[in-house]
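Going by this note's numbering, the first residue of the sequence shown is number 1, and it counts up by one from there.
These are computed hints drawn from the structure, not numbers from a lab.
Since this is a predicted model, take the numbers as computed values, not measurements.
A couple of the hints might just be wrong.
[Said to hold, decoys possible] Mimicking SDA-like on lysine to any residue, the simulated pairs with C-alpha atoms at most 25 Å apart in a straight line are:
#	residue 1	residue 2
1	Lys625	Ala165
2	Lys451	Cys337
3	Lys226	Lys542
4	Lys209	Arg428
5	Lys501	Met419
6	Lys306	Ser373
7	Lys209	Thr231
8	Lys64	Asp89
9	Lys426	Ser443
10	Lys213	Glu223
11	Lys459	Ile424
12	Lys334	Asn422
13	Lys86	Arg71
14	Lys52	Lys209
15	Lys542	Pro489
16	Lys226	Glu288
17	Lys547	Asn293
18	Lys209	Ser41
19	Lys451	Arg474
20	Lys215	Ser188
21	Lys547	Pro617
22	Lys436	Ile424
23	Lys542	Thr513
24	Lys542	Asn422
25	Lys501	Thr231
26	Lys625	Asn176
27	Lys334	Ser188
28	Lys209	Ser188
29	Lys459	Leu504
30	Lys451	Gly346
31	Lys426	Val551
32	Lys215	Glu257
33	Lys64	Ala50
34	Lys95	Asn68
35	Lys213	Thr231
36	Lys426	Ala338
37	Lys230	Asn293
38	Lys52	Thr208
39	Lys230	Val551
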Amino acid sequence: MNSKNASHSGGDEGSTPQDARPLWKFVMKLGRIEGGGENVSFICNICKGAYKGSYSREKAHLLKIRENGIRACPKVTVGQIVEMTKLEDEAVQRKERGQPKMVPLPRSICSSSQSSSHSVSMDAINSSSFRQERYEPKKRKVGSDSTLEKAFNFQVREQLDSEIARMFYSGSLPFNLARNPYYVRAFSFAANNNIASYDPPGYNSLRTKLLQKEKANVENLLEYTKSTWKTKGVTLVCDGWTDPQRRPLINFMAVNEGGTMFIRAVNCEGEYKDKWFISTLIKEVIVEVGVANVVQIITDNAPVCKAAGLLVEQQYPHVFWTPCVAHTLNLALKNICAAKNTEANGITYEECHWITEIAASALMIQNFIMNHSMRLAMFNEFSKLKLLAVAETRFASVIVMLKRATDTDKPCLHLIYDMWDNMIFKVRETIYKHEKKADYEESSFWGVVHKVLEDRWSKSNTPLHCLAHSLNPRCSTQEWQSQHPNLTPPQSDAEISRMRKICLKRLFPNDDTRREVNVELARFFGCLDDFADKDSLRDRWKMDPIKWWLVHGSATPHLQSISLKLLGHVSSSSCCERNWSTYAFIHSIRRNQITPQRAQDLVFVHNNLRLLSRKTPQYFQGDTKMWDVAGDAFETIEDVGILEIANLSLDEPELETILFDENTKDPGVDNDNLTHLDD
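Let the sequences and hints guide you as you build the complete structure.
In structure tokens, the structure reads:
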């Protein structure tokens, strides 16, 4: 080949015949691309064209390899291609010879526990023990599937186990990572595929092209969930919290029957967190998801959140602000179990202060044991129980059960009204049983508890709850009335009827359309026309409400449409609160130089991969069961020897720090015009 066409860039790379990338000498490298990993700018010495890319693209350009993101060289000849191909093949062979494959085999396999049929001759073993292919004459290679290699593959397995364990120990990786299905899948794929000379992705590729590729893959997987938003509606869930570095964050997720999707996490550091700021963020997400698709917004019960929700309702009347039911129950328990001694709260404190005193004594005992290693060792030796388990015999366990039932990503909006009334009845029954009183007797303690629960319900009950409860076909059956003798059917309850009318006026502002909806509602409540069918009546109790409306609701299109949107929605912001400390994962000290856009991409991929994995059966069984719960914060090697404690708490550990505390006035929170809101 002409030497004029073989001038190189002057760098060491590609300048020696032993180089693994010999084709660099046929181009002139201009320098690396900033932030582009191993990509460089270069000029082809043959066609004089300027290009950008890695060595693989440069090779594709010179050898005219298609579908590699670069144009083939228009002036390269067949002879030049043959010569460059020869150089490339020689470089590959040199690389393979320079990395000898060592196959360690034991010197003897004879064992009293093995049968003679499985023995191998000593000559065959001794001739191949610790053989290096580069120094031995060519012999018949033993394939990877041969009996000999399978018989002694346990040594290679032990070697791989040691390498993986060393990676965990040196990188302080949490042991919980071993339960990650993606970790298991990656090593299984590598072990089951013969990938010669494979190098794992490096620092730059992980944070650039592979991240973008995975983001595109996640977006593709989420297309089905997004396609259900138009027919089934979507609930926007947002929650404020602080990460370990005390940065205030607000998470946004979209939830419906089709699944949960992470939208974004906004870093509010340095922002004035008033109702206007929060409502602006919510409106931006509503536009992103689609105004017509949004059914409700769920936040906690903080005054500033409620004020922001009311601002959103003013602009979008069909969108309802709904307080998190799980947070409402937390506040109710707080009013009972941590009653404050104030003038306005005197009666409640007098009846409930004993709970606070017992809790304080239990905390003192816990600290007494935990703060000294000798006492802790004695406790661990003589007690198989964990500290501070919730007592099932107390009335609070009923509230905890309801809190856990509502603190879910599954549809339960239509069950809230029913479950709340049922909870109040069970709380009364438990208290009377504990106090050994008859039903006709009065209980001052029950009176205080009942008032707290009723006050919280009146502040949290919304028209959307009442309409969803009314559209539940089970609530209009004899079976439901027999199981709930103390409850009134929704069509006969004055409060539910009043709230239902308010909701219908906002959803159907047109008078004629709303009249049609009321006619359909009358047919549904009265079991008239198509709803009088025997199958329709029987299936009201036995079928899932959503499936019932799909099968029997076609004669009432307005009700069917709104039922499919309401009955498949959640009532809790738990999916937002359990964010697995994602920003702590993204913004750790090791990643403090990360760009904002890359951080957003990491958060998006990190959250949605976990949410998608929760749809698989493997998430609820086997070694990977609930693999992502608290996986970022617990079980690192730093936690060795620390006692796990079951705290007397309704919250997940470290995962539900509330940004907007109802009793703390943040200087960044606008409290104007909030006197009528929840405390």
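Q) Given the hinted pair Lys542 and Asn422, is their alpha-carbon gap at most 25 Å? A) 20 Å, holds
**Q.** Restraint check for Lys547 with Pro617, where alpha carbons must lie at most 25 Å apart
**A.** Given pair Lys547, Pro617 holds - Cα atoms ~22 Å apart, limit 25 Å.
Q. Keeping to a limit of 25 Å between CA atoms, is the pair of Lys459 and Ile424 held or broken?
A. OK: Lys459 and Ile424 at ~16 Å, within 25 Å.
Q: Below or equal to 25 Å on CA atoms is what counts here, so check Lys64 against Asp89.
A: 16 Å, holds
Q) Are the Cα positions of Lys334 and Asn422 separated by 25 Å at most? A) 20 Å, holds
Q) Within 25 Å, alpha carbon to alpha carbon, are Lys86 and Arg71? A) 22 Å, holds
Q) Regarding the pair Lys426 and Val551, is the alpha-carbon distance no greater than 25 Å? A) The hint is violated at about 35 Å.
Q) Do the alpha carbons of Lys501 and Thr231 lie within 25 Å of each other, as the hint requires? A) Distance of about 23 Å is within 25 Å: holds.
Q | Pair hint outcome, Lys230 versus Asn293 [Cα-Cα no greater than 25 Å] | A | 5 Å, holds
Q) Holds or violated: Lys625 with Ala165, Cα cutoff 25 Å? A) OK: Lys625 and Ala165 at ~22 Å, within 25 Å.
Q) Within 25 Å, alpha carbon to alpha carbon, are Lys215 and Glu257? A) Since the Cα atoms of Lys215 and Glu257 sit roughly 23 Å apart, the hinted pair holds (cutoff 25 Å).
Q: Assess, step by step, whether the Cα of Lys209 is no farther than 25 Å from the Cα of Ser41, and give holds or violated.
A: The hint holds at about 18 Å.
The structure is inconsistent with the numbered hints 3, 4, 6, 7, 19, 23, 27, 31 and 35, although it conforms to all the rest.
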